[in-house]
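Chemist: These are the residues of each chain, in order.
Protein chains: 2
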Amino acid sequence: MGTGDAKLDYENILMIRAAWYYYMENYTQQRISELLGVSRARVIGLLEKARQTGVIQFRIRQDGNRYIKAEQDLISRFGLKDVFTVPKADSLANLNESIAQAAAMYIIRRLKGGDFLNVGYGDTTSRVLNHLAMAAEEPLNMVSLTGGVNYYLPNTSSNVFNARLYLIPSPLLLSSQKLRDSMRQEPVVEEVYRMIPLSRMSVIGIGSMSREATILKNGVLNENDFTILKLQGAVGDLLSHFVDREGKLISVEQDRQLMSTSLEDLRMLENVIGVAGGLSKVDAILAALRGGYVDILITDEETAQALLEQS
Amino acid sequence: MGTGDAKLDYENILMIRAAWYYYMENYTQQRISELLGVSRARVIGLLEKARQTGVIQFRIRQDGNRYIKAEQDLISRFGLKDVFTVPKADSLANLNESIAQAAAMYIIRRLKGGDFLNVGYGDTTSRVLNHLAMAAEEPLNMVSLTGGVNYYLPNTSSNVFNARLYLIPSPLLLSSQKLRDSMRQEPVVEEVYRMIPLSRMSVIGIGSMSREATILKNGVLNENDFTILKLQGAVGDLLSHFVDREGKLISVEQDRQLMSTSLEDLRMLENVIGVAGGLSKVDAILAALRGGYVDILITDEETAQALLEQS
DNA sequence: CCTCTTTCGTTACAAATGTTAAGACGCACA
DNA sequence: TGTGCGTCTTAACATTTGTAACGAAAGAGG
Numbered sequence: 300m301g302t303g304d305a306k307l308d309y310e311n312i313l314m315i316r317a318a319w320y321y322y323m324e325n326y327t328q329q330r331i332s333e334l335l336g337v338s339r340a341r342v343i344g345l346l347e348k349a350r351q352t353g354v355i356q357f358r359i360r361q362d363g364n365r366y367i368k369a370e371q372d373l374i375s376r377f378g379l380k381d382v383f384t385v386p387k388a389d390s391l392a393n394l395n396e397s398i399a400q401a402a403a404m405y406i407i408r409r410l411k412g413g414d415f416l417n418v419g420y421g422d423t424t425s426r427v428l429n430h431l432a433m434a435a436e437e438p439l440n441m442v443s444l445t446g447g448v449n450y451y452l453p454n455t456s457s458n459v460f461n462a463r464l465y466l467i468p469s470p471l472l473l474s475s476q477k478l479r480d481s482m483r484q485e486p487v488v489e490e491v492y493r494m495i496p497l498s499r500m501s502v503i504g505i506g507s508m509s510r511e512a513t514i515l516k517n518g519v520l521n522e523n524d525f526t527i528l529k530l531q532g533a534v535g536d537l538l539s540h541f542v543d544r545e546g547k548l549i550s551v552e553q554d555r556q557l558m559s560t561s562l563e564d565l566r567m568l569e570n571v572i573g574v575a576g577g578l579s580k581v582d583a584i585l586a587a588l589r590g591g592y593v594d595i596l597i598t599d600e601e602t603a604q605a606l607l608e609q610s
Numbered sequence: 300m301g302t303g304d305a306k307l308d309y310e311n312i313l314m315i316r317a318a319w320y321y322y323m324e325n326y327t328q329q330r331i332s333e334l335l336g337v338s339r340a341r342v343i344g345l346l347e348k349a350r351q352t353g354v355i356q357f358r359i360r361q362d363g364n365r366y367i368k369a370e371q372d373l374i375s376r377f378g379l380k381d382v383f384t385v386p387k388a389d390s391l392a393n394l395n396e397s398i399a400q401a402a403a404m405y406i407i408r409r410l411k412g413g414d415f416l417n418v419g420y421g422d423t424t425s426r427v428l429n430h431l432a433m434a435a436e437e438p439l440n441m442v443s444l445t446g447g448v449n450y451y452l453p454n455t456s457s458n459v460f461n462a463r464l465y466l467i468p469s470p471l472l473l474s475s476q477k478l479r480d481s482m483r484q485e486p487v488v489e490e491v492y493r494m495i496p497l498s499r500m501s502v503i504g505i506g507s508m509s510r511e512a513t514i515l516k517n518g519v520l521n522e523n524d525f526t527i528l529k530l531q532g533a534v535g536d537l538l539s540h541f542v543d544r545e546g547k548l549i550s551v552e553q554d555r556q557l558m559s560t561s562l563e564d565l566r567m568l569e570n571v572i573g574v575a576g577g578l579s580k581v582d583a584i585l586a587a588l589r590g591g592y593v594d595i596l597i598t599d600e601e602t603a604q605a606l607l608e609q610s
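So the protein lines, in turn, are chains A and B.
In this text, residue positions in the first sequence follow my numbering: the first is 300, and each later residue adds one.
In this text, residue positions in the second sequence follow my numbering: the first is 300, and each later residue adds one.
For the record, the hints were derived by calculation from the structure and aren't laboratory data.
Errors might be hidden in some of the hints.
Any copy, or any two copies together, can satisfy a pair, since identical chains are not distinguished.
As the list claims (entries may be wrong) - Under the rule of at most 27 Å between Cα atoms (straight-line distance), these lysine-lysine pairs were calculated in the DSS-like manner:
#1 K348 x K368
#2 K477 x K380
#3 K411 x K380
#4 K348 x K547
#5 K516 x K368
#6 K477 x K411
#7 K380 x K547
#8 K387 x K547
#9 K411 x K348
#10 K387 x K477
#11 K411 x K387
#12 K348 x K516
#13 K348 x K529
#14 K411 x K529
#15 K516 x K411
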């Protein structure tokens with residue numbers, strides 16, 4: 300059996316060398332092009348590709364004296380284990396990307412070897428996973444906290460999905476509580492549920508009640524359901540469980556049709572990382588913090604400030 | 300108790316933000332200077348300082364298909380666990396620095412939490428430690444494999460030495476075997492020796508028989524001793540124990556005056572990382588490999604090639 | 001209160017990096 | 001043996017980054 304495409308291998312080596320020379324040795328691209336025997340334009344391309352594919356990675360050191368005031372205040376106000384904020388970005392899309400990147404950076408440096416990571420449902424989570432898969436050298440072990448399997452699959456652009464997935468083989472929302480309960484007891488489902496408490500870390504998004512909510516866009520809920528939930532005091536959702544300002548579950552019919560880790564079980568988990576940013580999410584994040592579901596919060600500075608002011 | 304110098308804190312925050320914007324978000328320095336409200340010149344300075352002090356770090360991903368041919372060949376030829384090579388540098392001084400940096404990168408991503416690291420004696424080791432101390436977020440636990448304490452202390456330029464040190468409180472070379480043996484049994488010495496087998500990793504240099512050898516420059520040995528050792532077939536040293544081409548100890552008087560982990564004990568350790576590069580070290584590295592003292596080798600590509608050709 | 005020193009901002013310039021368009025080259029395929 | 005296709009190099013140009021010189025502002029010490 301061959302070792303794969305020789306041309307790609309060579310490209311890879313070039314990329315690694317270019318990255319080494321540029322970032323580790325501070326050589327100019329001109330110099331590197333001479334050392335590697337390629338054009339300078341190509342060196343630029345190699346470096347770009349190295350960044351894109353995660354061959355070269357940037358990390359910000361996270362030691363004790365990195366905290367800004369808002370971070371410290373959040374930690375003590377809500378009894379959190381840790382908080383990490385990113386500076387403000389120029390658009391909401393970029394902000395979510397930023398926060399996802401920060402979360403991936405946060406996780407990857409704390410997750411070792413064969414550790415398992417529970418993952419929630421949602422757009423932010425999905426972004427985090429993409430970054431993670433790229434940065435990881437050994438495959439990650441990921442356990443899903445909810446149904447809705449399709450959500451975790453590699454998205455179009457990404458290359459190989461460098462992870463071992465243990466997904467709950469079920470849709471997120473079933474058509475009846477009865478069916479949910481039956482599925483819940485299926486051995487293959489049961490098996491994943493048993494893994495969940497064994498993971499060292501969990502990463503979940505925090506949903507707001509805005510029109511942008513993933514759960515709406517995906518068609519899991521319709522606008523009507525949504526409006527009713529709002530009337531009942533919902534400010535956001537965790538793992539698709541809607542909660543009120545205090546983080547208490549709003550008990551509605553749909554909730555009993557969900558294939559999703561319960562809020563009580565979520566609270567029992569250690570190292571639950573909540574990932575969410577943007578002012579529209581402030582109420583939802585506050586609910587998550589008050590409910591005690593989240594141990595570590597990754598957000599942006601503006602939102603962190605707002606959380607402090609509104610609590 | 301105050302939280303330290305407010306001005307330095309602020310400088311730190313600026314530095315972190317600048318690094319985040321520049322490396323994570325790809326903003327231009329111009330843009331960053333506006334966001335941060337400082338001059339562009341200062342942004343350049345902040346970024347420079349962030350790199351210097353390890354606030355921002357570059358890492359090359361080390362997955363399975365990074366290996367170049369020489370690395371794979373070395374692994375299989377000598378039954379090693381891993382090999383990492385750096386591309387050639389422009390001078391020997393830079394080469395050593397490169398290799399030290401690579402070693403630090405290698406170690407830091409495999410060392411977690413409260414892990415302990417054994418460290419040998421020598422210039423290369425010392426460089427590795429400096430890089431390590433800078434990159435680590437939590438203090439490292441380092442255990443010395445030899446006496447010669449002064450060698451491990453923070454060198455002039457470095458800032459805080461972010462490590463917990465467990466050093467053998469003794470010179471490297473004592474004036475008699477008798478004294479060595481007595482010292483060896485002192486409780487404080489014994490204590491460190493007992494820690495050594497418990498560490499997860501060890502990093503050692505590999506010395507050659509050149510005039511540049513640390514052990515000579517430090518005045519531990521004089522030129523005479525050195526010449527005699529060469530006549531007896533010495534090709535290099537590990538932890539100041541001189542060995543022949545096959546890696547067998549050359550039993551001389553000085554060896555029995557050394558406060559240094561024995562070669563047999565060294566061989567028993569897991570994950571011993573040998574760090575050495577440059578053509579002058581080829582014979583010494585070969586001896587270390589043949590003797591089976593080293594599990595992981597960090598060197599440069601040119602030397603790797605030479606190792607294969609001369610074995 | 002006045003210097004001295006240090007640090008930062010400003011500016012202008014030099015060097016490096018990134019982008020683009022045109023053409024050369026190799027390679028698959030008819 | 002062409003003919004397309006993609007990828008590379010080359011070269012010119014635009015943008016970004018790095019450096020150096022100078023002057024203003026702030027703090028230290030007399």
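Chemist: Hint by hint, note whether the structure agrees.
Modeler: Hint check results:
{"no.": "1", "hint": "K348 x K368", "in the structure": "between (37 Å within a copy, 22 Å between copies)"}
{"no.": "2", "hint": "K477 x K380", "in the structure": "neither (38 Å within a copy, 53 Å between copies)"}
{"no.": "3", "hint": "K411 x K380", "in the structure": "both (19 Å within a copy, 19 Å between copies)"}
{"no.": "4", "hint": "K348 x K547", "in the structure": "neither (46 Å within a copy, 47 Å between copies)"}
{"no.": "5", "hint": "K516 x K368", "in the structure": "neither (36 Å within a copy, 49 Å between copies)"}
{"no.": "6", "hint": "K477 x K411", "in the structure": "neither (39 Å within a copy, 46 Å between copies)"}
{"no.": "7", "hint": "K380 x K547", "in the structure": "within (21 Å within a copy, 52 Å between copies)"}
{"no.": "8", "hint": "K387 x K547", "in the structure": "neither (30 Å within a copy, 61 Å between copies)"}
{"no.": "9", "hint": "K411 x K348", "in the structure": "within (26 Å within a copy, 29 Å between copies)"}
{"no.": "10", "hint": "K387 x K477", "in the structure": "neither (46 Å within a copy, 66 Å between copies)"}
{"no.": "11", "hint": "K411 x K387", "in the structure": "neither (30 Å within a copy, 31 Å between copies)"}
{"no.": "12", "hint": "K348 x K516", "in the structure": "neither (32 Å within a copy, 45 Å between copies)"}
{"no.": "13", "hint": "K348 x K529", "in the structure": "neither (45 Å within a copy, 49 Å between copies)"}
{"no.": "14", "hint": "K411 x K529", "in the structure": "neither (41 Å within a copy, 45 Å between copies)"}
{"no.": "15", "hint": "K516 x K411", "in the structure": "neither (35 Å within a copy, 41 Å between copies)"}
Going through the hint list in order, the structure does not satisfy hints 2, 4, 5, 6, 8, 10, 11, 12, 13, 14, 15.
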